[in-house]
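Asks: The primary structure of each chain is shown beneath.
2 protein chains.
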Amino acid sequence: MRIVALAGGIGGARFLRGLKEAVAPGGDPSPSAPAEITVVGNTGDDIHLFGLKVCPDLDTVMYTLGGGIHEEQGWGRADETWSVKEELKAYGVGPDWFGLGDRDVATHVVRTQMLAAGYPLSAVTEALCARWRPGVRLLPMSDDRVETHVLVEDAEGRRAVHFQEYWVRLRAEVPALAVVPVGAEDAKPAPGVLEAIAEADVILLPPSNPVVSVGTILAVPGVRQAVAEADAPVVGLSPIVGGAPVRGMADKVLAAVGVESTAEAVARHYGPGLLDGWLVDTSDADAVPGVEAAGIACRAVPLMMTDTAAAAAMARAALDLAEEVRG
Amino acid sequence: MRIVALAGGIGGARFLRGLKEAVAPGGDPSPSAPAEITVVGNTGDDIHLFGLKVCPDLDTVMYTLGGGIHEEQGWGRADETWSVKEELKAYGVGPDWFGLGDRDVATHVVRTQMLAAGYPLSAVTEALCARWRPGVRLLPMSDDRVETHVLVEDAEGRRAVHFQEYWVRLRAEVPALAVVPVGAEDAKPAPGVLEAIAEADVILLPPSNPVVSVGTILAVPGVRQAVAEADAPVVGLSPIVGGAPVRGMADKVLAAVGVESTAEAVARHYGPGLLDGWLVDTSDADAVPGVEAAGIACRAVPLMMTDTAAAAAMARAALDLAEEVRG
Numbered sequence: 012m013r014i015v016a017l018a019g020g021i022g023g024a025r026f027l028r029g030l031k032e033a034v035a036p037g038g039d040p041s042p043s044a045p046a047e048i049t050v051v052g053n054t055g056d057d058i059h060l061f062g063l064k065v066c067p068d069l070d071t072v073m074y075t076l077g078g079g080i081h082e083e084q085g086w087g088r089a090d091e092t093w094s095v096k097e098e099l100k101a102y103g104v105g106p107d108w109f110g111l112g113d114r115d116v117a118t119h120v121v122r123t124q125m126l127a128a129g130y131p132l133s134a135v136t137e138a139l140c141a142r143w144r145p146g147v148r149l150l151p152m153s154d155d156r157v158e159t160h161v162l163v164e165d166a167e168g169r170r171a172v173h174f175q176e177y178w179v180r181l182r183a184e185v186p187a188l189a190v191v192p193v194g195a196e197d198a199k200p201a202p203g204v205l206e207a208i209a210e211a212d213v214i215l216l217p218p219s220n221p222v223v224s225v226g227t228i229l230a231v232p233g234v235r236q237a238v239a240e241a242d243a244p245v246v247g248l249s250p251i252v253g254g255a256p257v258r259g260m261a262d263k264v265l266a267a268v269g270v271e272s273t274a275e276a277v278a279r280h281y282g283p284g285l286l287d288g289w290l291v292d293t294s295d296a297d298a299v300p301g302v303e304a305a306g307i308a309c310r311a312v313p314l315m316m317t318d319t320a321a322a323a324a325m326a327r328a329a330l331d332l333a334e335e336v337r338g
Numbered sequence: 012m013r014i015v016a017l018a019g020g021i022g023g024a025r026f027l028r029g030l031k032e033a034v035a036p037g038g039d040p041s042p043s044a045p046a047e048i049t050v051v052g053n054t055g056d057d058i059h060l061f062g063l064k065v066c067p068d069l070d071t072v073m074y075t076l077g078g079g080i081h082e083e084q085g086w087g088r089a090d091e092t093w094s095v096k097e098e099l100k101a102y103g104v105g106p107d108w109f110g111l112g113d114r115d116v117a118t119h120v121v122r123t124q125m126l127a128a129g130y131p132l133s134a135v136t137e138a139l140c141a142r143w144r145p146g147v148r149l150l151p152m153s154d155d156r157v158e159t160h161v162l163v164e165d166a167e168g169r170r171a172v173h174f175q176e177y178w179v180r181l182r183a184e185v186p187a188l189a190v191v192p193v194g195a196e197d198a199k200p201a202p203g204v205l206e207a208i209a210e211a212d213v214i215l216l217p218p219s220n221p222v223v224s225v226g227t228i229l230a231v232p233g234v235r236q237a238v239a240e241a242d243a244p245v246v247g248l249s250p251i252v253g254g255a256p257v258r259g260m261a262d263k264v265l266a267a268v269g270v271e272s273t274a275e276a277v278a279r280h281y282g283p284g285l286l287d288g289w290l291v292d293t294s295d296a297d298a299v300p301g302v303e304a305a306g307i308a309c310r311a312v313p314l315m316m317t318d319t320a321a322a323a324a325m326a327r328a329a330l331d332l333a334e335e336v337r338g
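Line by line, the protein sequences are chains A and B.
Counting the first sequence from 1 gives a position; our numbering is that position plus 11.
Counting the second sequence from 1 gives a position; our numbering is that position plus 11.
Calculated directly from the structure, the hints in this document are not laboratory data.
You can trust all of the hints, since none of them are fake.
Pairs count within a copy or across copies, as identical chains cannot be separated in the list.
Computed cross-link-like contacts, SDA-like style, restricted to lysine to any residue with a CA-CA straight-line distance of at most 25 Å:
id	residue 1	residue 2
1	Lys199	Ala189
2	Lys96	Arg144
3	Lys199	Arg13
4	Lys100	Arg148
5	Lys100	Gly129
Since we're looking at a predicted model, the values are computed, not measured.
So that you can see chain A by itself, here it is in the shape it has in the complex (with noise of 0.2 Å):
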């Protein structure tokens, strides 16, 4: 079974971790059936930092996938050191509000030294995960630069800023007008990544974010065409839970493109001309009949990441939704 997921980073690498746990109990795939799964990276947010190319949405799959990451916080590396931020810190050089750790800038450094000598984004990639063994294929959504701005005002004026600034500098607590993946339109699927799509035989759009990480991808050209026409069904995980996002602030977003924060809105939003399937958790039962209603089948199953486990189950749960409305 081909599976194609459209990811972004903590929680889209969470889910994988069950997706995989899931296909392959144990990390034993089944000889009968063995699962093959391509993820679809979001690049939008990815940020230049003192001259490196830091890829935050695929480094934190590849960590979380192969065995790297710090667990608690759902980013960065474990042990993870931090003299260079120090360093940097007393040399007065910006910006300081990154989690920039030292083994994680060694990533940044391979892959900033690899670009620098021509290989594409998603040739970097894979050589990176040669070392992290992620048990799924990751490509970058795009080897073209994309890069997320977010629309802002606030007393300082109207600007707009980096998507990291904004969520990380700014804790997306200033109002959000607009959210523009700029260089998007430009931008070409990174090699590999409409031929997984067209080829799946299912496409999941994890409990990521829908405007800046799902939404990204969607918006480089084709992409959102390829998912549309695939002869796939597409199955989505709300990642609004009882009207908030589970954790990161998607409100923040989807109120900056016009989407109420629900498990209902967010299905309308991707649409049933995108989505075949939903999943909405439990608590958001009363969501079902609406999305169905929009013309997407809906069941409401827990959608709490609180283990791999709990996201192993998730994933079964859109595996199943996905046979059920293949029909």
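The hints should help you fit chain B onto chain A, whose structure is shown.
Replies: Frame of chain A, contents of chain B only:
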């Protein structure tokens, strides 16, 4: 009093610390005759590692005079951590023989970013020194790229290797046939270098490596001539004590340029056209007549830099000899 010193790494840096103490005991310059020290640093051992520009000698001077050096080691940072190096090894990315600590990496990241933004190395060095406050004006010998390569020959055949590879990886154990400062002939002295030399009251050659440190600086077109023609007395200190280098493997590169590893031979290698005075260690007192016969004033004083006080005594002896030869 304006003092110019042409310095390499560890030996140069420790001597300079003594020189600072000699001209301003306890860090308190005499208000009647404040000394201003300009250090022209060797950049021939600079190397690009993992896309980062590393300037070992400039950094050793900066860290040593700025209080950040790893004392016992003589290079690199105190309280260093090694996460980046561990990770690069885990990625299988080489070379792994260079001591690249995390705190040190931050310096290289800042430098590389500034160079990429278009600043010359001299401006970058000044910016880095704004943090370290080394108490001297530290100038790279040139803003142009010069890289010392060593022609070696062993079982693997005859080949040119970067000086760092020869020095650090091969530990100078492979016979060196020649030492070539690649790019030197097209390099220009960094802004301020020739002016500082021309306006100096004293020019000092610390007990740095005469070939790959001081020799490389002198190889930048215009520098040797400026030193030779300067009004100021030029006094050097022998890095060879009792027929062997005090530290490092200077004998190996001296052999490559056909110079014996003796205090007298090094003085004759610099020559009376350059040197007005030369200090040898008390154990080499028998070299004094030979050096003086070559037309260079020579004194025998203790030249082992066991601590800053010893280095300060050496600096005072050098300044005294400068006054003596000034006549």
